[in-house]
Amino acid sequence: GAVVSQHPSWVICKSGTSVKIECRSLDFQATTMFWYRQFPKQSLMLMATSNEGSKATYEQGVEKDKFLINHASLTLSTLTVTSAHPEDSSFYICSARGTSGSLNIQYFGAGTRLSVL
Amino acid sequence: DQQVKQNSPSLSVQEGRISILNCDYTNSMFDYFLWYKKYPAEGPTFLISISSIKDKNEDGRFTVFLNKSAKHLSLHIVPSQPGDSAVYFCAASAPWLGNEKLTFGTGTRLTIIP
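Note that the protein sequences, when read in sequence, are chains W and H.
For the first sequence, this note's numbering gives the first residue as 1, with consecutive numbering after it.
For the second sequence, this note's numbering gives the first residue as 1, with consecutive numbering after it.
The shape of chain W in the complex, shown without the other chains (with noise of 0.2 Å):
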């Protein structure tokens, strides 16, 4: 199956610091990538889909400024949480749109868990 691969796996920072994460489709090309977070004993929850060379869409209620996504290749998609804060603390998880024959499958990244001091 497809591989995704999704750094640091566990970051831990001071309040109002920046944290960057990096997403990668390992052996194929995603043209589109998903950001998630879920907390504690919950579902995930879509922030944004990335789109190779254009904006993110961002979900309603997810600040795109605190949360900026950049799709800079067909291979690579970063979120940065800028200023971070305690209520940040988060497990984030990307995933890739890739395909499985005919079907198109989100393959997802082991995740990181962000916490904020």
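Among these hints, one or two may not hold up.
As the list claims (entries may be wrong) - SDA-like cross-link-like pairs, simulated, lysine to any residue; straight-line CA separation at most 25 Å:
| hint | chain 1 | residue 1 | chain 2 | residue 2 |
| --- | --- | --- | --- | --- |
| 1 | H | Lys56 | H | Lys71 |
| 2 | H | Lys101 | W | Leu76 |
| 3 | H | Lys101 | W | Val62 |
| 4 | H | Lys101 | W | Ala72 |
| 5 | H | Lys38 | W | Val3 |
| 6 | H | Lys101 | W | Thr31 |
| 7 | W | Lys41 | H | His72 |
| 8 | H | Lys5 | W | Arg37 |
| 9 | W | Lys41 | H | Ser74 |
| 10 | W | Lys41 | H | Ser12 |
| 11 | W | Lys41 | H | Ser8 |
| 12 | W | Lys41 | H | Arg109 |
| 13 | W | Lys20 | W | Arg37 |
| 14 | H | Lys38 | W | Phe39 |
| 15 | H | Lys38 | W | Arg37 |
| 16 | W | Lys41 | H | Ile48 |
| 17 | H | Lys5 | H | Glu42 |
| 18 | H | Lys38 | W | Arg24 |
| 19 | W | Lys41 | H | Ser85 |
| 20 | W | Lys41 | H | Pro82 |
| 21 | W | Lys41 | H | Gln3 |
| 22 | W | Lys41 | H | Thr111 |
| 23 | H | Lys101 | W | Met45 |
| 24 | H | Lys38 | W | Thr49 |
| 25 | H | Lys101 | W | Leu26 |
| 26 | H | Lys38 | W | Pro40 |
| 27 | W | Lys55 | H | Lys101 |
| 28 | H | Lys101 | W | Thr32 |
| 29 | H | Lys38 | W | Val11 |
| 30 | W | Lys14 | W | Glu63 |
| 31 | H | Lys38 | W | Arg113 |
| 32 | H | Lys101 | W | Glu63 |
| 33 | H | Lys101 | W | Glu52 |
| 34 | H | Lys38 | W | Thr32 |
| 35 | H | Lys5 | W | Leu46 |
| 36 | H | Lys101 | W | Asp88 |
| 37 | H | Lys101 | W | Glu59 |
Don't read these hints as lab results, they were simulated from the structure.
Given the coordinates of chain W, work out where chain H should sit on it, guided by the hints.
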């Protein structure tokens, strides 16, 4: 507004028996459904999917059933194995509308008892 619901937060099944995980949805625009398996602190792993033109899709030990009229789908795992212990999420999308974003259910934690 939870458009995809998994009403059982947890399920325990004896090894070798059948595990049945259920999922209900409310949005009739959804026409493509997927099941993912997730271990703690890891991303979800794709298991199996089904399009609304089908009512059943099978892949090895995993079978997904779709009942469009009831807006209900289920995942059957048989025989269940200890390695199947994980959280299972169903997800739905409406790609025919040009919208490939997934709406996830709240998950069901499956525990296989040896």
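Verification of the hints:
no., hint, verdict
1, H:Lys56 with H:Lys71, "holds (14 Å)"
2, H:Lys101 with W:Leu76, "holds (18 Å)"
3, H:Lys101 with W:Val62, "holds (15 Å)"
4, H:Lys101 with W:Ala72, "holds (20 Å)"
5, H:Lys38 with W:Val3, "holds (15 Å)"
6, H:Lys101 with W:Thr31, "holds (14 Å)"
7, W:Lys41 with H:His72, "holds (23 Å)"
8, H:Lys5 with W:Arg37, "holds (18 Å)"
9, W:Lys41 with H:Ser74, "holds (21 Å)"
10, W:Lys41 with H:Ser12, "holds (18 Å)"
11, W:Lys41 with H:Ser8, "holds (13 Å)"
12, W:Lys41 with H:Arg109, "holds (10 Å)"
13, W:Lys20 with W:Arg37, "holds (15 Å)"
14, H:Lys38 with W:Phe39, "holds (14 Å)"
15, H:Lys38 with W:Arg37, "holds (14 Å)"
16, W:Lys41 with H:Ile48, "holds (23 Å)"
17, H:Lys5 with H:Glu42, "holds (22 Å)"
18, H:Lys38 with W:Arg24, "holds (19 Å)"
19, W:Lys41 with H:Ser85, "holds (16 Å)"
20, W:Lys41 with H:Pro82, "holds (22 Å)"
21, W:Lys41 with H:Gln3, "holds (18 Å)"
22, W:Lys41 with H:Thr111, "holds (16 Å)"
23, H:Lys101 with W:Met45, "holds (10 Å)"
24, H:Lys38 with W:Thr49, "holds (21 Å)"
25, H:Lys101 with W:Leu26, "holds (21 Å)"
26, H:Lys38 with W:Pro40, "holds (13 Å)"
27, W:Lys55 with H:Lys101, "holds (16 Å)"
28, H:Lys101 with W:Thr32, "holds (10 Å)"
29, H:Lys38 with W:Val11, "holds (21 Å)"
30, W:Lys14 with W:Glu63, "holds (20 Å)"
31, H:Lys38 with W:Arg113, "holds (15 Å)"
32, H:Lys101 with W:Glu63, "holds (18 Å)"
33, H:Lys101 with W:Glu52, "holds (16 Å)"
34, H:Lys38 with W:Thr32, "holds (22 Å)"
35, H:Lys5 with W:Leu46, "holds (16 Å)"
36, H:Lys101 with W:Asp88, "holds (22 Å)"
37, H:Lys101 with W:Glu59, "holds (10 Å)"
Consistency note: the structure conflicts with none of the earlier hints.
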